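Take a look at the letters that make up each chain.
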Amino acid sequence: MSTTAKVPVPVDESAPTTVPLRTALKAPIMLGVVTLLVSLLIAFKARSGKTTFRLAADTDFFDLPEITVPSTATVATVIVLLAACTAVSALLVGRGRRTPVWLVALFAVVAMIGFLAWAAAGKSVPVIGLLGGSIALAVPLVFGALGGVLGERAGVVNIAIDGQLLFGAFAAAIFGTVVGSPWGGLVAAMLAGALVALVLGFFAITYFVNQIIVGVVLNVLVIGLTSFLFGQVLAEHPQQLNAPDHFERIPIPLLGQIPVIGPVLFRQTILVYLMYAAVVVVAWALYRTKWGLRVRAVGEHPKAADTVGIKVNRTRYTTLLIAGLIAGAGGATYTLVSVPQFGQEMTDGAGYIALAAVIFGRWDPVRATLAALLFGFATNLSGVLSVLGSPVPSQFMLMLPYVVTIIAVAGLVGASRPPAADGEPYRKG
Amino acid sequence: MSANDETQPTSVEEPAPDPKEPRRDPGRFNGVLREIVVGNALVSVLSVVLAVVVGSLMILLTDENVRDTVGYIGARPGDFLSAVWTSISDAYSALFRGAIYNTNVEGFEGRIKPLTETLKFSAPLILAGLGVGLAFRAGLFNIGGRGQMLLAGAAAGWVGIGMDLPLVLHLPLAVLAGALAGALWAGIAGFLKAQSGAHEVIVTIMLNYVGYYLVFYALSKQGLLQAPGSLNPKSKPMPESVILPKLLGDRFNLHLGFVIALVAVGVVWWLLNKSAMGFRFRAVGENPDAARASGIDVGRTYITVMLIAGGLVGLAGANQILGTATSGITVDLDAGIGFDAITVALLGRSRPLGILAAGLLFGGLKAGSFSMAAAEGIPVEIVLVIQSLIVLFIAAPPLVRAIFRLPKEATA
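Protein sequence lines correspond, in order, to chains A and B. Take 1 as the starting number for the first sequence in this note's numbering and just add one per residue. Take 1001 as the starting number for the second sequence in this note's numbering and just add one per residue.
It is possible that some hints are incorrect.
As the list claims (entries may be wrong) - Simulated crosslink set (DSSO-like; lysine-lysine; CA at most 27 angstroms straight-line):
#, chain 1, residue 1, chain 2, residue 2
1, B, K1236, B, K1221
2, A, K45, B, K1236
3, B, K1221, A, K123
Hint data in this document are derived by calculation from the structure and do not stem from the laboratory. None of these values were measured; they are calculated from a predicted model.
Construct the complete structure from the given sequences, taking the supplied hints into account.
The structure is reproduced here in structure tokens:
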């Protein structure tokens, strides 16, 4: 036993009265900056006209009316509200308390309404399409992020999320076609994700190869493998191998008829409902079960875990395989939902956004899910706004997830601390 | 810090000498021999062999003729074997014809042209590989090659199309602009690492995408980089005065970029092995805490090394836009080299000469893959598979040793 093992510094999150002023001040400062930015928006590029928010879908219990508001006046109101939120936050911090999460959430929603009112002046915003599309785009990100969170909580950095998504998509397309049912495709996708995870584990856990190297190389390997097989086999026999049946939308009775919420959340495919379940199950398993405690112990302090009899590397393997199953299911979204066909490099780096969501969500399943939803929203918003002819170039909207992640890891918004033994192979003895 | 430290072994895999063993100089030859038999060089070669074997299996499994003959392998095994032989030998002779020497055309110039293509493809791989490898030596992962190359290509191209100067001024200025842009883009990651400890892997990956969308934006905006009157996200072609001169006349595509790559290999070798700065890089890479205790400013070293690494990757970007793909800036100008560079650096074990060799090998694979695709219809992505397998095997020497039943690494 060596004495050089790293002892993680305990982070005290439960004591609101002892928040260092410098950390606590970050929230009101960030809110203030955003308020200022929104103000600058109308100061420099005021847009006249009215903005319409369309809220209704045709099968609701009752129809909500379209809401039409004057653009400039709405933005002005929004700025006042944002300033008020900032003031409340500053007051709370002044009394030595933290800024509550609901206040930040409220702030974000209000700011987004203001931004939409400004960006879509003279047009109408399809709110349901905007939100529902965001969920659909976020599905692979959420599955990928959940897989990423599990792996990293057990101490294995998973850069290969993108490879798992892509291989999952590939397997889903082939087996969905061969078996003749999207369920066959889904199972194959999950196994494909687990296979990539197994290779990652084999090199990273058994052979102590640097996890970042394995992850990056695995992504390249999967791109090469799937593109090679696509060009060599799939493209030659598209009907026999690359035309899977796809999952249909299943509206949930009653829930699906609630205005706004219904069409957004409960008229989706089975994969979206599985995603809801996966988030709940992963969060519960990680924090409320003996297994979850072991996973976290192995990721924070493997030596201590080993000392009390937890099999470190076996725990890492099983966690990584479960994470692979989950990430693989995310890959199925690409080939079993709207366009049931595999294409080369079709994930387009989504795994890296999922990785960003893991970090932005501070290695927590629920927060990572919210981050993935936010990133899905940013992607969909850029699409909707470019259709509406918005003044903001779509590239800047698409850049957003990556910029906020850099800001997050640079510690500008709260401290983000990875699991203490993240990325470190464990050698017994 | 004494001068003695310089002679310490730099590789962690190198075994420490046993103090009980009487100190004998085993002789230079013995050392080299052991290095070849059980050391890293052999593992590298065997890794390449293994990867090529797997690649061959993939070609066989997807070959129609082989699959047809396997159906009656019991009845006529000869057919199967000859189909296997034809498939493999056709593939590799196409690779050879595309990468080194083409026996199918008349005249020496035409026959040797593939070799010059290999050199052309290897130049950006070597440059970017040096950028990644240099950062590795200081303990940093530079996964941001793609973003650095894009920004560099955009900057070099911007100088190219935006100014009107004679070649002697214009070309060096454009190359310099590329190196600077790459340096600044990588420098962000170094700066954040030094300031807040932000992990450079995450930051460089994210900067890839930020850079991609920035360049994309500039390319789809009139007045920035987009060609006037065009709707495509592409710039005007480069003017004559910034195009890297061809080395062997107009019949060959090989351009000055390869010479730049060779010079860069020499400079980085000198930097790492002969300069005080390189010593600091290595010291920080070996053990940042010890380096800090010895008075090295670790944060500043991180920033410097990322600036230089980004500059090298930036040269690869400039090489693309000013030499290989001069028809205009696009968001694809990196052509995957940013990621290939990681495999080049790993195969070359982050040593400048190793990177040179690895860059030549991968350049040859790339050049040959096009002729394999054209002649045999084998998708070019087979190269990605072989490349990534090589790196996986190299990264796990015990695995390669186990497969080939080699003795374990010498322990005394």
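Hint numbers contradicted by this structure: 2
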